[in-house]
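J.: Spelled out, the chains give:
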Amino acid sequence: MYAEEIIAHYEKPHNKGEIKDPSISLHENNPLCGDDLTIYLKIEKNKIEDVKFSGVGCAISMASASMLTDFIKGKSLGEIEKMGLPIIIELIGIDPGPARLKCATLSLRTVKEAAFLYQHKEVDEKTKEL
Amino acid sequence: MADKTGPQHEFKVENIRADFPILKTEMNGRQLVYLDSAATSQKPNQVLKAMDEYYKTYNANIHRGIYRIAEKATEAYIESKVKVAKFINANAMQEIVYVRNATEAINIVALSWGDANIKKGDHILISEMEHHSNMIPWMLLAKRKQAVLDYIPLDKSNSKLDMNGLNKMLDKNPKIVAVTHASNVLGTITDAKEITKRAHKKGSVVLIDGAQSAPHMKVDVKDIDSDFFAFSAHKMLGPTGIGVLHAKTKLLNEMEPVMGGGDMIKSVQYDSYSWNDLPWKFEAGTPNIAGAIGFGAAIDYLDYFGMNSIREHEKQLTEYALEKLGAIKGVTLYGPDVKDIENRNGVIAFGIEKVHPHDVAQIFDAEGIAIRAGHHCAMPLVTQRLGISSLSRISFYLYNKESEVDAVVDAIDKVKSLFKVK
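If you read the sequences in order, they're chains A and B.
Position 57, counted from 1, in the first sequence is what this note's numbering calls 57; the numbers after and before it change by one each time, with no gaps.
If you count the second sequence from 1, you need to add 130 to reach this note's numbering.
Hints were generated in silico from the structure; no laboratory data involved.
None of the values given here were measured: they were computed from a predicted structure.
There's no promise every hint is true.
Said to hold, decoys possible - Straight-line distance between alpha carbons at most 30 Å, and here's what the computed BS3-like set of lysine-lysine pairs gives:
#, chain 1, residue 1, chain 2, residue 2
1, A, K102, B, K213
2, B, K544, A, K16
3, B, K550, A, K52
4, B, K302, A, K102
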């Protein structure tokens with residue numbers, strides 16, 4: 001499961017940081033295992049102009065966030081809406097299995113939720129806290 | 131398969147392992163190394179056979195069956211309680227209430243004794259080292275009654291409960307003190323006898339959570355003098371779904387049952403009822419008969435080697451592991467120091483620098499080693515008191531051996547090299 005590429009992304013994650021004035025940002029966590037993630041999206045004309053993430057977690061969650069944020073740059077919100085587990089499996093190169101599903105998909109779930117909130121302008125309490 | 135009953139026998143780990151079919155399982159091409167007995171223990175053939183025999187040859191409901199196999203089932207069920215009573219040195223099987231697990235035992239005390247005795251503004255005292263099972267029932271009770279929940283502080287310097295802190299908390303005159311006998315995270319064995327003595331001086335009722343102690347050491351409820359003692363069969367070679375609430379007869383007589391139904395009443399009229407004798411008053415409905423019979427066989431198995439021999443074996447294994455793991459750079463160990471082995475059981479929580487415990491557990495799994503990672507159902511202890519998000523944990527039982535500790539050391543090396551930890 002721990003291919004060189006996963007370890008490399010975990011050690012030197014891409015797109016790690018914050019966007020000062022994001023179109024939307026969203027914080028999510030897996031309290032049971034301590035994974036903690038915030039996604040910042042810069043959206044223009046319904047396309048992901050820029051994306052960054054911050055947080056802490058296991059190698060699987062952090063590497064998948066690093067790879068996913070690379071992948072979604074330039075993608076449309078419609079394309080993001082259609083993304084599911086297969087994208088994550090393709091990116092990280094392994095099927096995380098039931099035990100690690102939550103870690104592997106944390107970034108995707110957060111990106112999709114953020115894109116959804118952006119489209120529906122439903123910036124909830126969670127977002128205001130940030 | 132040897133009949134593991136009768137007088138005590140010499141402790142030989144290879145002979146013991148032969149009784150546990152699961153230990154022959156292959157995981158990723160290697161023999162399973164099972165180091166998660168604090169979560170649940172494995173089961174020997176003797177326990178499986180006893181339950182199988184019940185279902186195959188004398189399956190019948192207990193109490194009042196006027197036919198041979200029902201009598202046999204009733205006898206086996208009661209005999210299991212007699213064994214348990216003897217195992218913890220209770221006065222009689224009347225003090226042994228069968229429940230689902232330690233969690234249910236504690237909840238029954240909080241619901242029955244708690245609702246009758248706790249009033250607004252009363253204090254309830256637990257410790258900072260509790261499993262959620264000995265925390266949430268008291269949080270719920272405190273909320274129902276607007277009572278105050280206090281905590282005996284943990285002394286982080288030695289991973290023990292702060293006994294001066296205990297005195298300060300006892301000055302608030304708590305109605306009940308509920309404390310673990312052994313921590314499932316730190317491995318700390320608490321001085322249950324001393325805590326009980328001090329609490330009784332203040333007039334408090336005492337509950338001891340023995341989920342992590344009863345499987346691993348000689349427990350004597352008379353010596354501790356606890357009012358309530360809770361533990362689970364599945365952590366001590368028995369099946370899941372059966373556990374024990376031990377309580378002093380006087381308390382059980384005073385308490386109202388939490389659940390009503392068949393078997394727990396003596397007589398019922400349309401406008402009244404009277405409770406059955408102890409312990410049946412607290413066991414509404416058909417109980418876990420097969421579970422009780424399996425539990426009885428588990429007690430026989432433990433008695434066959436003796437709890438002192440089992441404790442000695444685990445102590446040696448824990449010392450060996452603490453020394454080996456303690457020598458690895460980048461590894462942090464939690465719980466009492468190896469020099470304080472008398473006050474710790476076979477639970478070792480650890481962290482590897484820079485590596486998330488879930489990654490550690492996953493790499494261990496690839497090596498065929500089963501360990502646990504997370505907050506171990508003691509979230510405030512791990513996240514608030516120790517200040518970390520989660521931990522990896524290995525835990526031992528009578529069937530573990532030194533070479534399995536060596537496998538842990540090798541697996542840690544693997545984690546370190548994968549994650550380039552120096």
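J.: A separate judgement is required for each hint: does it hold in the structure or not?
T.: Structure-based check of each hint:
A threshold of 30 Å between alpha carbons decides the hint, and for A:K102 with B:K213 the separation of about 44 Å lies outside it, so the pair is violated. Restraint check: the Cα-Cα separation between B:K544 and A:K16 comes to about 27 Å, which is no more than 30 Å; the hinted pair holds. A hinted pair counts as satisfied when its Cα atoms are at most 30 Å apart, and B:K550 with A:K52 qualifies at roughly 25 Å. Straight-line distance between C-alpha atoms of B:K302 and A:K102 comes to about 44 Å, which puts the hinted pair past the 30 Å bound.
The structure fails hints 1, 4 (numbered hints given earlier, in ascending order).
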